[in-house]
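In order, the protein sequences belong to chains A and B. Just so you know, we're using numbering that gives the first Met the number 0 here: the first sequence kicks off at 0 and counts up by one. Just so you know, we're using numbering that gives the first Met the number 0 here: the second sequence kicks off at 0 and counts up by one.
I should point out that these hints are in silico values taken from the structure, not numbers from a laboratory. None of the values given here were measured: they were computed from a predicted structure. Ideal Cβ positions, reconstructed from N, Cα and C, are used throughout, including at glycine. Treat the hints loosely; a few may be bogus.
What the hints assert, rightly or not - Examples of chain B residues lying across from chain A (beta carbon under 7 Å, computed): (1) Y5; (2) V8; (3) C36; (4) F46; (5) G60.
Unchecked claim - Sample of chain B residues facing chain A (criterion: CB under 7 Å; computed from the structure): (6) V1; (7) G37; (8) C63.
Read off the chains here:
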Amino acid sequence: MAVTARSTLDAQKLRADFPIFEQKIHGKPLAYLDSAASSQKPRQVLDVMREFYETSYANVHRGVYTLSERATEGYEGAREKARAFVNAPSAREVIFTRSATESINLVAYAWGLDNLGPGDLVLVTELEHHSNFVPWQYIAKRTGADFRMLPIDDGGELRLDGLDELTADTQVKVVATNLVSNSLGTVNPVERLGSWAHAQGAIMVVDAAQGAPHHRIDVQALDCDFLAFSSHKLCGPTGVGALWGRAELLEQMAPFNTGGHMIRSVRLEETTWGDLPYKFEAGTQPIAEAVGFGAAMDYVNEVGLAAIEEYESELVAYTLDRFAELGGITSYGPPPERRAGIVSFNVEGIHPHDVAQVLDSEGVAIRAGHHCCQPLMTRLGIAATNRASYYLYSVPDEIDRLVEGLRKVRKILG
Amino acid sequence: MVDDMYREVILDHYKNPRGHGVIEGADAQAEGVNPLCGDEVTIYVQFEEDGETIDEVKFSGRGCAISQASTSMLMEIVKGRKADEIAALPKEELLEEIGIPLTPIRLKCALLGLGVLKVALHRAKGTALPDEWAGLDELELR
């Protein structure tokens, strides 16, 4: 329990907002160390969604009746919150999607299919989650464009010095990176990569699914063109995400999904598209989820992203100290001050599945696997890692229990 | 529950796997990967002169305790038995031998070796893999 309380965040107090921690797992309190996969939800978000369904729910943008207006206000209010959350210039540039993955697919299809071809290059990074890798690989294949990967160094940082050589023989059209690596926690230098991309005449696409919960985002300072994030990793419900894109690009793009709600007029001969952002929101949207997403952004803002980021760094540093004491642990990634609250590690000689299984019996939930990052696992020369990841409700006691659990893992399997 | 899963016999097979190794020029051979966790198993089979009876069987690869222990147990179960019998072996026979409660995810670990062995035998005999294993052939085995 030797975390020095520099951060202003009171995790113990925040934890009381999360009903999930009121239960026991295998007779023990829950130590939830898998927030990078999905975060838990505070009462404040659950209450807002419940109240919305109980008092304000109807389909949006359609009815002239009071309830529909109320629902529309809730939905559009959430869009404004998402705009402010990433400091976008205008709410019409913020599109609600099903997830960050769908946001990226929207760009890959709607922009990629019309703008990529043979001789063009799509560049992703070795740190990518499959969500920002597979859509680009797929669209590159379909359009005949080249697809390459910017490597990382041994510290888990992008090799920006290799950019020019890697792309010398081709026309870079897309650079896609995550803001924060979901496997290693690396906070990537998106501004620098964005400036480089723009100097090449490429668009810059940022997957901020892992970044948005932990790091203040300003799309105007990031030098990017598209930024995807989701609700469920930042205390909001599943089923809704957002895409911010530059209006001039979004306006040029064809729709991604078509159907109701996204049209201006429909005739047998031709259909014309609605204005932004509705052009990209076909069908009934996840309305209550968007409202919950808005409440989650309020919650996270109230805690403060700077405090969250600082606190997570402290937890990472504490974890690495405890691991060093324990010995026999290999951990991956940059130093604590360079990463979000993620610790990927392996226990010498013991498979991650077995580690996670024994930890579960102690009520400690961690991730074991490739974390949807098979190219990165290949680079690290391993099949899988264990991953402990933190959020604003994580407490040092959970890390102590993780370390105690690892002693038990060794006792059983060592 | 964890003490049930990692009971003595499982740990014994995990730490001292039976039939761990490689058979050069094996009569039947297949390799499989569990894409969820990266477990890899390769199985090698040598038949007796009748071309039917399993004379020797070995496995190599890496993986979790459950996949390694269950494959090790499988080696003991199948040695000396006929190829067509093992190619049709119900998974329950192996699971009974393993004898521990398995969650759906860990069930895949436990059955990886058996799936790979079945592919090896069906390939060697030129017969089709039964439907319930067919997905394995396409998705996880090579």
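Inset, instruction - Identify whether the interface hint at Y5 (chain B) stands, where standing means a beta carbon of chain A within less than 7 Å of its own. - result: With Cβ-Cβ at 5 Å, under 7 Å, it holds.
Inset, instruction - So, F46 (chain B) near chain A? Judge it on the closest CB pair being under 7 Å. - result: violated, 32 Å
Inset, instruction - Closer than 7 Å between Cβ atoms is the bar; does G60 (chain B) clear it against chain A? Give me holds or violated. - result: violated, 11 Å
Inset, instruction - Classify the hint on V1 (chain B) as holds or violated, based on whether any CB of chain A lies nearer than 7 Å to its CB. - result: At about 3 Å, which falls below the 7 Å cut-off, the nearest Cβ of chain A leaves the hint on V1 (chain B) intact, so it holds.
Legend entry - Hinted contact C63 (chain B) with chain A - closest CB pair below 7 Å: holds, 4 Å
Legend entry - Interface restraint verdict for V8 (chain B) against chain A (beta-carbon cut-off 7 Å): This hint is violated: V8 (chain B) lies away from chain A, its Cβ roughly 14 Å from the closest one there, beyond 7 Å.
Legend entry - Satisfaction of the C36 (chain B) interface hint, Cβ to chain A closer than 7 Å: holds, 5 Å
Legend entry - Hint validity - G37 (chain B) Cβ closer than 7 Å to any chain A Cβ: holds, 2 Å
Hint check: violations occur at hints 2, 4, 5; the rest are consistent with the structure.
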